[in-house]
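Peer 1: This is what each chain is made of:
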Amino acid sequence: MKRAAIVFLSIASALILLSFLPGLRFGPVLFAVLAVAFPVALIALGAARQGRLGPLTVPLTLLLVILETSLVGMMILRGHVIDGPWVAGLPLAAAIQLFGMWLLPLGLVALVYAITFDSFTLREEDLGRLERLTPPEPTSDREA
Amino acid sequence: MPILAKPIVIATALAYFVVVLAIGVWAARRTRTSKDFFIAGQGIGLLVTGLATMSAAFSGFVFIGGPGLTYRMGLSSLFIAIPVSFTAGLLCWTVAKRLRLLSEVRETFTVPDAILHRYDSRTASGLAALAVIVGTVGYLGAQLQAMGILIEAIFGTREVLGVWSLPAAMTIGLVVVLVYAIAGGMVAGVYTDLFQGAIMVGAAVAVFYYALKSGGGLAMISHRIVSSESFGPSFLDPLGNAPVYTAIGFFFVFAVGNLGQPHMLHKFYMLDDPRKLKWLPLVIGLTQTLCVLIWLGIGLAVPALVAAAKLPPLVRPDEASPTFLLNFAPELLAGIVFAGILAAIMSTADSFVNIGAAALVHDLPRAMGRRITDELFWGRIAVLGVAIVAAVFAHLYGDLIALLGTFAFGTFGAALAPAIAVGLNWRRVTAKAAIASISVGMGLNLTLEFLSKQTFWAALPKPPLAPGVLPAAVALAASFATLFVVTWLTDRRGRAPLAPDVAAIMEM
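Chains as they are written, first to last, in the numbering used here: chain A, 9 to 152; chain B, 48 to 555.
Honestly, the hints are just simulated from the structure, not real lab data.
Since the model is a prediction, treat every value here as computed from it, not as a measurement.
Glycine included, each C-beta is placed from N, C-alpha and C at the ideal position.
You can take every hint at face value.
The calculated lysine-lysine pairs, modelled on DSBU-like cross-linking and capped at a C-alpha distance of 35 angstroms, are:
| hint | chain 1 | residue 1 | chain 2 | residue 2 |
| --- | --- | --- | --- | --- |
| 1 | B | 357 | B | 260 |
| 2 | B | 479 | B | 325 |
| 3 | A | 10 | B | 325 |
| 4 | A | 10 | B | 479 |
| 5 | B | 479 | B | 509 |
| 6 | B | 323 | A | 10 |
| 7 | B | 479 | B | 500 |
Reference excerpt, derived from the structure (chain A facing chain B, CB under 10 angstroms, subset only):
| hint | residue |
| --- | --- |
| 8 | 13 |
| 9 | 24 |
| 10 | 29 |
| 11 | 85 |
| 12 | 87 |
| 13 | 117 |
| 14 | 141 |
Just chain A, same shape as in the assembly (with noise of 0.2 angstroms):
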């Protein structure tokens, strides 16, 4: 899965910088949807260990589903502010942004770094294989 994210990174890097280039019918489209994976692949690269995400895979993908339907939905829901439905007195467009892009993947986030800490982001064996490294008498630059 790391190097998953590490080819997906490098090529969506590129290729959003060609995007951006004056001219490009899909230009737009094309960055959106890179964009906003761009951040779950970096997520994916930083919590993966060995190489693997292991109970991350599933949140993770959920996000990303999140986000890019979220997306998807702001984008079809264009310039339909009045026409289209509304919800919680706001039009759709404009619930998906809040509700779906922000309030979701906040609680999805947030619970499952705690969920999965111990576990998997940092264990104990991690604290003591650290302790180890620890110089034995850490410098100090008391200057008063």
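With chain A held as given, fit chain B onto it using these hints.
Peer 2: Then chain B, alone, in the frame of chain A:
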């Protein structure tokens, strides 16, 4: 507004300044070493770290610039803020753990320190310090500009001082920031952040309530905006009032660029126990989300009030927050909210003057093979210099606070995010790749920003980009692409073996 017309607002704001200065004086007595000054002695708990990270990230940019930008371009502007839903997790998974662990085994005060340890390259570390200084001047400038507008609104200085009002108001704010930043360093910053963070969250929730109430509820606000000639339906269309390149560009820059923000990354060094990272995304994400309510509330309420002729159209969009508070919030709440906004601005400003000072007296000299003997003393002198340069720059830049903030955020993100975020997670990234990425990110952002804004030389071309593309987005993507390309090119020949402790941390 005549001076003293709102005595409770003025009294509350003054009381806030007194509390902040008192914290600065108290913190000065606890600041004895450069470790205290730059990373608060690495003894900060979860709640303080979370609130400090949130309040350092959220600033005049969010509280003044955000509603101003929404007034100008509608809900498209919210793409700057909504990545807060996952950026705390992104930060913790990608960089926070490794930065915190690195500070356990190596003396690590700053982001350039981390780059030095990861790449064993003084050039990469020195370039990172340069990027920190450039971005600091922009970001600190945005805070001082926001503080000036707020002080103008509270004390009504424009009617007395005319064109000198904003510079005078900025100077007042600058002096207060300097007093406690010079005296207390990061100890003052962090403990002030605890006080400030609590005020910010409470103020944002309260003002959101009053914003909805003043506009007759969310549905009424939306309908007024949609049927208004000045704003119209596109205002409430997330991709309606700005090109996709701009709207999603905000999302891209403010989500990914987070990974290069030194004022946030610094906070991870301060956490007293790495195990406490577990709840950090929840604390940061929740408090940031509550704070963004002020952006959403005022950003929607003020256009609705203008549409309903309850407010005249704003002369400057950045006046949206002060105008709303002075006209539609109870006086006591307005005072508390003004204090909350001042709190946000001050905490970010304080973080930046300290980070800029650290880059000047700690990182740059070391990159040149020197070490300043009394970093504490010279750090305080550097704080003064950085703040004055930032104030002059902000006055000359003359654009919306949010746009000045976007430039600064983009500089940090483009220069530092790839080298930190990818470099700490992929062993193959070489020092040459980091040097190239930092140079391209910083250089391209400055060049594109200059070319797109400058009006002095008509012969200079505008950047060859599609309409609406953000310079910061180009620089960020280019910096990532450079890192990957140079890594592929130099991996076999140019990669020095990693130090065992750094390699071990990258495996955890």
